[in-house]
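Colleague: So the chains spell out like this:
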Amino acid sequence: MSSTTHPTALIAEDEPLLAQALQAELARAWPALQVLGVAGNGEAAMAQALALQPDVLFFDIRMPGVGGLEAAAALADVWPQDGPQGKPFPALVFVTAYDQYAVQAFEAQAVDYLLKPVQPERLQKTVAKVQLALAKRAPGAMNFEATLAQLRHLLAAPAAAPTAPSAPLRLLQASVGAAIRMVPVDEVLYFEAADKYVRVLTAEHEHLLRTPLKELLPQLDPQAFWQVHRGTVVRAEAIESVTRDEAGKLWLRLRGSPARLAVSRLYAHLFKAM
Amino acid sequence: MKIDWFEKLRTYLQVLAFALAVATLQYAFMPERPYGPPVVYSLLIATITWAIIDIGREMFPSSAETGWPHGWPGILLVAGGIAAGYLLGTSIGDRFCAVFGWHAADIGNRENLARSSILITVLAGMAGTYYFYSSNKSAYLERKMTEAHRHANEARLKLLESQLEPHMLFNTLANLRALINTDPPRATAMLDRMIAYLRATLSASRQGTHPLRAEFERLQDYLELMTVRMGPRLRYTLDLPPELAEQPVPALLLQPLVENSITHGLEPKVDGGSITVQARREGAQLVLEVSDTGIGLDAGNGTPGGTGFGLAQVRERLATEYGAQAALNFVAAGAGGTRATITFPYQA
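Taken in order, these protein sequences are the chains called P and H. As numbered in the working numbering, residues 1 to 274 make up the first sequence, in order. As numbered in the working numbering, residues 1 to 348 make up the second sequence, in order.
These are calculated hints, taken from the structure and not from any lab test. Note that the coordinates shown come from a computational prediction; the quantities given were computed from them, not determined experimentally. Treat the hints with care, as some may be off.
Unchecked claim - The calculated lysine-lysine pairs, modelled on DSSO-like cross-linking and capped at a C-alpha distance of 30 Å, are:
| no. | chain 1 | residue 1 | chain 2 | residue 2 |
| --- | --- | --- | --- | --- |
| 1 | P | 214 | P | 196 |
| 2 | H | 158 | H | 144 |
| 3 | P | 196 | H | 158 |
| 4 | P | 214 | P | 272 |
| 5 | P | 125 | P | 87 |
| 6 | P | 214 | H | 158 |
Please construct the entire structure, taking both the sequences and the accompanying hints into account.
Modeller: Pasting the structure below:
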């Protein structure tokens, strides 16, 4: 495999000039790095990363469709962990024009962060850090855990900020045709994102909310409801059992519902035997 | 309803001072009579009148904002307060004076006395009420004015913030930085666009109207900047018939609409799309239309910052400039996009 000698990278950036510029800067800062491809949006980036299995990902945070953070989280979920060709999860470098995620907090972590316009000196630092991470990547699993923790943190940060102090939601108002149906939050077993809507499932009924899950989540009591997947938030008390399938994926079984819910790797840390 | 009792006490003390002044004036015109009775009557009448009007006005829902009930209830309250003040005040005063034996000498003159004290009560009551009403009103107007000022300042700041949105600014600068090395002439052109855009943005709040030609030039600056950034994902058409070029429009009126189309319509869409800005004349009306083929209305609601600020701001400017003669229509157009249509009178 060529990647043992030459580290490889994938760039995800929707602005063509900026993708070119980053590639040019990388050629100067890290001549040995081989850029395998450039993706223009999150979905393409995920597909290419899976196919090419690079060592480093440079992901723009704001992209059309799926953003960089979400793409990385989704990728972490489908990344082949322990296969015969199982390659460690790539080092992540997020690129953004504007610092909305408190850059400094992450400078010392597994995930790095670059501000646009990218400055050569700063890029040099990132390159050194990634090179170090790649060199001592023997305990891959640990690295992966740290990356997951950080992705979780990054994904939660912007949503939690504006609506933090308000009391948890008690009543949902679901539209049923022209009428509005009041659904007590206490009756909800789980929420599931469906396109721009959220499906709300109680023991007996299913309702549809027009509020995206991202906006709903900060209004729920975090003790009572756990996010177990990008698109699934479940009442913790309703969980009956957690099982691991042959592929290592976790599945939830609920009381009062026949549904089986998948747990994303990002949230697998919630379920550990005591 | 929350009553500010400290404020009430202050008003009451002012009322008492006013009542004493009235009694003193009365005494000055009729020094042959004792000073005691007019003071007692005056204070009693003033107290009752004050209590009914000043505390009573808090009970009216319509006084919640201005402090006074609107229309007839307000007038009736004042009239009732003065009448009750007089009747109750004099009957209590009569008893009070009887105890002190101050009235013995006045029996023959009673009717005359009653008439003059009614007159004094009504005049003093009206004068007092008018005084408090007008000071209340000016305080209210002042409050309103500072509020309006604050709103205007906030709106201006928000407008500036939305136009100098950091994502747009830093991404544009990053593109510029990339171009300087690879394509200096294009970098220079982009920089010129950016300078024109920034200059227009920063001076728009101080400028009233400018010709439609200038408006379209500014839109072109912005769209050119965005084209450099988005590449083939953004296509645009600007359609301004030459005979409309000199029509006056509020400066950068269309800017928020075009920006909305880009940030909420085209930027989030993987394939991008096109945006069309068109001016035309329909009879006595000038019609300006911004349409796009982006992801449309529904999905746009979920993107951050889509709070309708742009639309509200355009509506407000139209209302200030043209009143009811202008309209802004915003619809989800065919194929998922949106269309904003502005109409206002054509200037012959």
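Colleague: With reference to the structure, classify each hint as holding or not holding.
Modeller: Each hint tested on the structure:
no. : hint          : in the structure
1   : P:214 x P:196 : holds (10 Å)
2   : H:158 x H:144 : holds (21 Å)
3   : P:196 x H:158 : holds (28 Å)
4   : P:214 x P:272 : holds (26 Å)
5   : P:125 x P:87  : holds (25 Å)
6   : P:214 x H:158 : holds (25 Å)
Of the numbered hints given earlier, the model fails none.
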